[in-house]
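Residue strings, one per chain:
Protein chains: 2
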Amino acid sequence: MSNIDMIRAAQQRLKGRARHTPLLSSPFLDDIAGRRVLLKPECLQHTGSFKFRGAWSALSALPDDVRKHGVIAFSSGNHAQGVAYAAAQHGVASVIVMPNDAPQLKIDNTRALGAEVVLYDRPGGESREALGDKIATERGLTLVRPFDDPQVIAGQGTAGLEIAQDANALGIKDADVLVPCGGGGLTSGIAMALAADAPGLRARPCEPVGFDDVKRSLSCGEIQRNSAQSGSICDAIITPQPGNITFPIMSDLCGPGITVSDDDCQRAMAAAFTRLKVVIEPGGAVALAAALYRPDTISGDTVIAVASGGNVDSKMFQQALEKYA
Amino acid sequence: MSNIDMIRAAQQRLKGRARHTPLLSSPFLDDIAGRRVLLKPECLQHTGSFKFRGAWSALSALPDDVRKHGVIAFSSGNHAQGVAYAAAQHGVASVIVMPNDAPQLKIDNTRALGAEVVLYDRPGGESREALGDKIATERGLTLVRPFDDPQVIAGQGTAGLEIAQDANALGIKDADVLVPCGGGGLTSGIAMALAADAPGLRARPCEPVGFDDVKRSLSCGEIQRNSAQSGSICDAIITPQPGNITFPIMSDLCGPGITVSDDDCQRAMAAAFTRLKVVIEPGGAVALAAALYRPDTISGDTVIAVASGGNVDSKMFQQALEKYA
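In order, the protein sequence lines correspond to chains A and B.
So the number in my numbering is just where the residue sits in the first sequence, counting from 1, plus 268.
So the number in my numbering is just where the residue sits in the second sequence, counting from 1, plus 268.
It should be emphasised that the hints constitute simulated quantities derived from the structure, not laboratory data.
Some clues are possibly wrong.
For identical chains, the list gives no copy identity; a pair is met inside one copy or between any two copies.
[Unchecked claim] Derived EDC-like pairs (lysine to aspartate or glutamate); straight-line CA-CA distance at most 20 Å:
1) K374 to D530
2) K583 to D376
3) K283 to D434
4) K374 to D299
5) K374 to D298
6) K374 to E590
With the sequences and hints as input, model every part of the structure.
In structure tokens, the structure reads:
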């Protein structure tokens, strides 16, 4: 289980390694939302997403004689890049297991960050878990899970400590903190940090319409699954269900979930381009979309939205600009 | 004349008002450049460019009974937005004089930031100076010049104090600091700040090929003019010649100028999108373009590039992505 002491310890280990991302704002966004909007751009984090925090936290928490054998992760996305870069910075090997139909650019980028990429035959039905277990056992690698791991959650929680610190400095005592939510690692970590350091701030998970497993789980008090696993542009945050570790934390500490449409994510991406000059990926834009276009679901005169990542294909980004910039 | 004490005083007045922008980096950019690249993204500054620093510095330095009558500026670009927003934040009126063929979006944005926009008939040959003088005299407004003003230069210099502080924290003792250069307000301000706080760091002006008035002026020791006033996508930094105040400072303190092609600016914009998740306008990208694609003109194992602004039309940005992302 994670707790606030683990988050504070992770912050110490991340010092000088992760970026303390700022809170950005624009009067134009305040006008759209009808309240003050502050954006925490984790797209500016190393490797373009918050995932570097959790990866660094997990790797740096391993005993030396375990870490030195290297780590392994299953991911074709932001978690892959975070783990690859954190491992390279630690000077240890990383193996990233990806489907063989992953975009070549993601494979190339993960390799360029220092990882060995092992492909499995997803269309052919090969089990990535079986393949990963085999490699891990043979080489003594440690698995770094994407969200349901106490040290990963602790690392993501450092973003929450920064929000608490910067909100306190701005005199903000009460606000909803909107967080893009997949498995819940970032949301649960931020929720614990806010509960400790800024108890008037309340974390709220944001998801795409139709993939609201966390919102429904929080609403009924039991873990619910999504019926579909594809069909939204918000690929980075589409997960089957909340984690076994993250869900009880969110259930204790988070406010109700909010859902937004893919179209509103694209509008939010265009607004961030025009008004804040940052690049946000679709899944990373759900919280800003909620802040701007679902004002009725939010209370208070200030809202804080986390932009969880910026690793978006240029074609997808251009499409958002074409439609809404 | 400007000096380091004025820059430090401006920093005090800007405290809590301007953003201390970070130094961003990516191993992918280091690979392109063949050395460590650090980017200072002033596109993340309020109003999307460094101009807010100088505008706030100038306004906050005015005596209360002068400032209360308001300010006036001639600009259709970043200076207009910086002055409008700084005036609004001070609670005083601003008049921005723009040509009547300026893009409607720029007029709308400047108005939305609180300014009164007065249009003059540029195609008809109307003198903006005569119009501006008339309005200023009638209403007791103070003119805020875009670069050749000691308090404006002092404000821009605060970006240099931040670079010195952050480079020192990273242990960087020697490096070229590449600065997009129009009239020289930002370059001369940064040069003075570095000379005081990080004397191993050397400011170097960057300009588009064919609009290298500052490079040629520094090279021959006398102010030179550009023959053309249009024909580059880097509109934000196309000025006829260096300023009478900025040039002697640059002549004293800056290293040789560097020129880059419009194409390389677009490549740099695409690289910043892909690797750093920030939006840079063409003129704001000349320094990053020099860092990435003119490595032969730079010495040392680290280079720092300033991205001076991000106010780019979405069509122009999409074009850069289309070609190079």
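Here is what the structure says about each hint:
no. : hint         : in the structure
1   : K374 to D530 : neither (22 Å within a copy, 29 Å between copies)
2   : K583 to D376 : within (18 Å within a copy, 29 Å between copies)
3   : K283 to D434 : both (16 Å within a copy, 15 Å between copies)
4   : K374 to D299 : between (37 Å within a copy, 17 Å between copies)
5   : K374 to D298 : between (35 Å within a copy, 19 Å between copies)
6   : K374 to E590 : between (24 Å within a copy, 19 Å between copies)
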